[in-house]
Each structure stands twice: as structure tokens, then as C-alpha cells.
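Q: Chain residues, written in single-letter form:
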Amino acid sequence: MPTIRVQTEAFDAATEVNAITAGRSDVGAVVTFTGLCRDEGGTLAALELEHYPGMAEAEIARVAAQAESRWPLMGLTAIHRFGRIAPGEPIVLVVTASAHRSAAFEAAEFLMDYLKTRAPFWKKEHHADGAQGDWVSAKDADDAAMARWDR
Amino acid sequence: MPTIRVQTEAFDAATEVNAITAGRSDVGAVVTFTGLCRDEGGTLAALELEHYPGMAEAEIARVAAQAESRWPLMGLTAIHRFGRIAPGEPIVLVVTASAHRSAAFEAAEFLMDYLKTRAPFWKKEHHADGAQGDWVSAKDADDAAMARWDR
Amino acid sequence: MIMSELNLRYFAWVRERIGTAQETVVLPAGVITVADLLAWLKERGPEYAHAFERAEIIRAAIDQTHVPHETPVGTAREVAFFPPMTGG
Amino acid sequence: MIMSELNLRYFAWVRERIGTAQETVVLPAGVITVADLLAWLKERGPEYAHAFERAEIIRAAIDQTHVPHETPVGTAREVAFFPPMTGG
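Residue numbers (our numbering), protein chains in the order written: chain A, 1 to 151; chain B, 1 to 151; chain C, 1 to 88; chain D, 1 to 88.
Bear in mind the hints are in silico, worked out from the structure with no lab data behind them.
It is possible that part of the hints are untrue.
[As the list claims (entries may be wrong)] The calculated SDA-like cross-link candidates involving lysine to any residue, where the alpha carbons are at most 20 Å apart (straight line), are:
hint	chain 1	residue 1	chain 2	residue 2
1	A	Lys139	C	Arg59
2	A	Lys139	A	Ala128
3	C	Lys42	C	Thr71
4	B	Lys139	D	Ile57
5	A	Lys139	C	Pro84
6	A	Lys139	C	Ile58
7	B	Lys124	D	Ala21
8	B	Lys124	D	Pro83
9	D	Lys42	D	Pro84
10	A	Lys124	C	Glu16
11	A	Lys124	C	Lys42
12	A	Lys139	C	Ile57
13	B	Lys124	D	Arg15
14	C	Lys42	C	Gln22
15	A	Lys139	C	Trp13
16	A	Lys139	C	Gln22
17	A	Lys139	A	Arg38
18	B	Lys124	B	Ile85
19	D	Lys42	D	His69
20	A	Lys124	B	Lys139
21	B	Lys124	D	His69
[To be verified] Cβ-to-Cβ under 7 Å is the rule here; a few derived chain A residues that face chain B:
hint	residue
22	Leu36
23	Glu106
24	Gly133
25	Met146
[As the list claims (entries may be wrong)] Computed from the model, here is a short list of chain B residues facing chain A with C-beta under 10 Å:
hint	residue
26	Ala10
27	Ala29
28	Thr32
29	Cys37
30	Gly83
31	Arg84
32	Phe105
33	Lys116
Quick reminder that beta carbons are idealized off the backbone N, C-alpha and C, glycines included.
With the hints as extra help, turn the sequences into a complete structure.
A: Given below as C-alpha cells:
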């Protein structure tokens, strides 16, 4: 069963990895991905992460189930924060575990590509000069990254 | 400058990630890969990791330099253990950091594919029944994984 | 035929432009699909017209599942409209 | 011409079959490439013949850098022979 959480609090990657691997010795590969808030050259004060409560968890669960059907995973964790997040702070964590490295790597990339383009979260910028910023635009590159998994 | 270590002691992924990201807020993506010793269905007592001292560090440094020239990385750490390693224990750690996730993911995969096939380490099995095991054979799949980076 | 109530939810700049996060409407006759619903909403006032001026980029979810605009609203309890997602 | 001494190192099952991890040899005339060196070593005894029976799968490094078998040994200080690597 995947671990899925949508929360305001920060997370600890080591704790999540340990929850998957502790007490077992059949895992050969663990990949973690941490997405962090960048300061955009000092112009960003914070990102405000809005989400659709309920659907966010449900959509991540759907994506996780797809990953588990595509790769032989021994563990999968996806945590996405919402609320105000300062530069340098983590936003999203994905952990995948498998017997072999290719499955762990591919599943983690797949999860991130899908989270980026399907999970109902939206980022608004707050500028360092106090001005209200824009909503971050979706990137075509992210749609392209997701599309490669349809092959 | 990449961090490269060849050592007998275990490592701590969180410490290595923190060494890369602490005090900066331009990193957007951190990928860690941890390779662990699998018990092979309970038949394995331990792996004995032999290495070529000096060349092991040098070869990992060459691979790291290649990764840094191919992707815009903000941090790169590769740690490989040697000596006797029990099932469930970590063998290898790669950490990559970049502004964007694709660079961090690709560089980590590249490093692992190259480490598997070019870094002078050899694994010998010690069986749970006390018998001396065989040297682990190189896998064609690993050579194929490495070859894809020549494209 | 019973007039069914539908809960509408808006997120991100769709929410900001309309000025509300949530409202309940009674679906008028003739509104079959999500696209019909969007077209009907656009007529409700300038704030809706602004929010949905480029209807083709608006994403929709019925009962918390992504759907294309041609999907019938059917017996949905909740329809949400929002911009392309930018999480992760 | 000076007879140059060459340090040879063996790893994993190459080391086990030969029975030593390291030795110093004086290169005989006629040994130009890594392949020549392998062929010459194979003649040194059954343990060498066993270690290098499938010479084509043996990997070589000159002064701690991977090299193909056709590489001249040149003025190398150290040549290492080992099976395909299985780290990571």
C-alpha cells in the first residue's frame, strides 16, 4: 500500500525511507525525489500552494496505483505540502523502493511527471518586494514529460 | 566540486543531502539513490565488496565530472562502500541536485549506470549456509543501461 | 423531473476572478455537458466571463476526477473548474 | 635499453585464480600491448592460464585508467587485470 499525504508540515525523507525499508532485506534500490521552493534569484519571498482537498489525495492515489501496476515496487511514498512555503523549503517528496534500480528510478520519475501535471495543486508567487505575484504557469515541458509515459 | 568517497563505514543520505542544500535556496530538485544488499530469498549471509583502491575513487571522479559537464548540477555526491556488507545494509549512495527535476533524475541514473559498469568494484557472495559463494557476474542489462547514454 | 442542485468549486485564478471558492446552482435545462455548463456560467456576469474567457484551457473535475469538457454532467454532486495544475 | 619493471595487480577471481594480488615483472622484449602482456602471462603457469583462459572478457587498466587490450603498455608503472566490474 502506498503512503500518500497532503499536509502543511514539512517532511523528513529519511523517516519515510526508513518506514519502507526497516526490517526487510529484499529491497535493492531506493530512490527519493525532493522538490524544493527556489528563490528565483532572490525575487521570491514565498510560494503559496493551493490545493483541492480530497481530490489531491485521490489523484495522487490514482497515480500511485498506476505506478504500482507498471513497476514491481516494494514501497511508494508521495507527500505534497500546501500553504505558504519559503525558498529552500521542501514542497514534494516521492520515495520508491524496488529490487532493482531501473524500476525505482522510472517509477519516481513517472510519479513526479504525473504529480506535476495531474495533481490539483496551484502555485502563486509572493514577491520579495511585498508585491502580490502571479500564479505560476503550467509548462509545456511538463506535459511533454508526462506524455512520454504513454509510449 | 563533487563529493566522492570510498569507505567501509555506512553513510547517511540525509547528512549528504543537507551538505548540498544547506544555506542555499536555488536548488529545486534533489534525487538520492541508495543501493542496498539484498538477501536473495534468505540464501545470502553477506556480500564481500572488493575494490581497486585509488582507481575506484579516480573512476568515480571521472564519471562525476562527465555528469557535471552533461547536466547543470548544483551538487553531486557519490559514496561506495567496500568490505563485508550484510543484507539490508546500504552499498552505494548517489545524490544529485539541480534547479530542475529532469537534470537531477538523469544525472543520478547516469552515475549509477556508470558506477555499475566502470567503477572497479567486485561482489562476492557468502551463503547463509556457510558455503563460499561465487563472484557475482556482470549483467548484460547493466551494459545496455550504460550504452543508452552514448546516444 | 427533479431540478438537481450542483455544487461548483473554483480554484487558483479561476477562484480569484469569480470571487468565490464555492457555490450551489440549479442546472437549467439544456446544460448537458461540462462545456455546456462552462458556456452557461460565462453568461452569469463579467467576473465569470473573465474567469472562463479562454474556456479551452480550463480544467474540469466531476466529483473529484478529471474529465474532458465533452463529459455529461449527469448526476454529479460536485463540478470543479481550475487552471492547469502547477504542483510538484 | 633499460629493462623496465612493471607492477601487476589482480582483482576478484583473477586474483584468486593466480593466487596473488600483486607482483612485479620485467617486461620481455616483444610485449608491446596489453594483449601481448596477457598472452605472455598465460604462459607463466596453469594458474595464469586458468585466470586468463577467456582473455577477451578480462578488463585491463593502465595506471588506474581503463584501457582496451590493444593499448601499448608503454611506460606504464602499473597494469591491473580484473573481471567485469559488479559494483553499485
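Q: Would you mind marking each hint as holding or not holding in the structure?
A: Outcome of the hint check:
1. Lys139(A) <-> Arg59(C): Distance ~15 Å between Lys139(A) and Arg59(C) Cα, so the pair holds.
2. Lys139(A) <-> Ala128(A): violated (23 Å)
3. Lys42(C) <-> Thr71(C): Roughly 18 Å separates the two Cα atoms, so the pair holds.
4. Lys139(B) <-> Ile57(D): Given pair Lys139(B), Ile57(D) holds - Cα atoms ~13 Å apart, limit 20 Å.
5. Lys139(A) <-> Pro84(C): holds (9 Å)
6. Lys139(A) <-> Ile58(C): holds (15 Å)
7. Lys124(B) <-> Ala21(D): Holds, at roughly 16 Å.
8. Lys124(B) <-> Pro83(D): With a Cα-Cα distance of about 12 Å, the restraint between Lys124(B) and Pro83(D) holds, given a limit of 20 Å.
9. Lys42(D) <-> Pro84(D): Answer holds: Lys42(D) to Pro84(D) is near 19 Å, not above 20 Å.
10. Lys124(A) <-> Glu16(C): holds (12 Å)
11. Lys124(A) <-> Lys42(C): Violated. Lys124(A) to Lys42(C) sits at ~24 Å, over the 20 Å cutoff.
12. Lys139(A) <-> Ile57(C): holds (13 Å)
13. Lys124(B) <-> Arg15(D): Holds, at about 13 Å.
14. Lys42(C) <-> Gln22(C): Satisfied, since the Cα-Cα distance of roughly 16 Å is no more than 20 Å.
15. Lys139(A) <-> Trp13(C): Given that 20 Å is the threshold and the Cα spacing comes to 16 Å, the pair holds.
16. Lys139(A) <-> Gln22(C): Cα-Cα ~27 Å, so violated.
17. Lys139(A) <-> Arg38(A): holds (16 Å)
18. Lys124(B) <-> Ile85(B): Given pair Lys124(B), Ile85(B) holds - Cα atoms ~10 Å apart, limit 20 Å.
19. Lys42(D) <-> His69(D): holds (14 Å)
20. Lys124(A) <-> Lys139(B): violated (47 Å)
21. Lys124(B) <-> His69(D): Answer violated: Lys124(B) to His69(D) is near 25 Å, above 20 Å.
22. Leu36: holds (6 Å)
23. Glu106: It is violated, given that the least Cβ distance between Glu106(A) and chain B is near 9 Å, above 7 Å.
24. Gly133: violated (16 Å)
25. Met146: violated (12 Å)
26. Ala10: violated (13 Å)
27. Ala29: holds (6 Å)
28. Thr32: The hint holds - Thr32(B) has a Cβ within 10 Å of chain A, the shortest such distance being about 5 Å.
29. Cys37: holds (7 Å)
30. Gly83: Violated, about 18 Å.
31. Arg84: Given a least distance of 15 Å, the restraint on Arg84(B) is violated.
32. Phe105: At about 5 Å, which falls below the 10 Å cut-off, the nearest Cβ of chain A leaves the hint on Phe105(B) intact, so it holds.
33. Lys116: holds (8 Å)
Checked against the numbered hints above, the structure breaks hints 2, 11, 16, 20, 21, 23, 24, 25, 26, 30, 31 and satisfies the rest.
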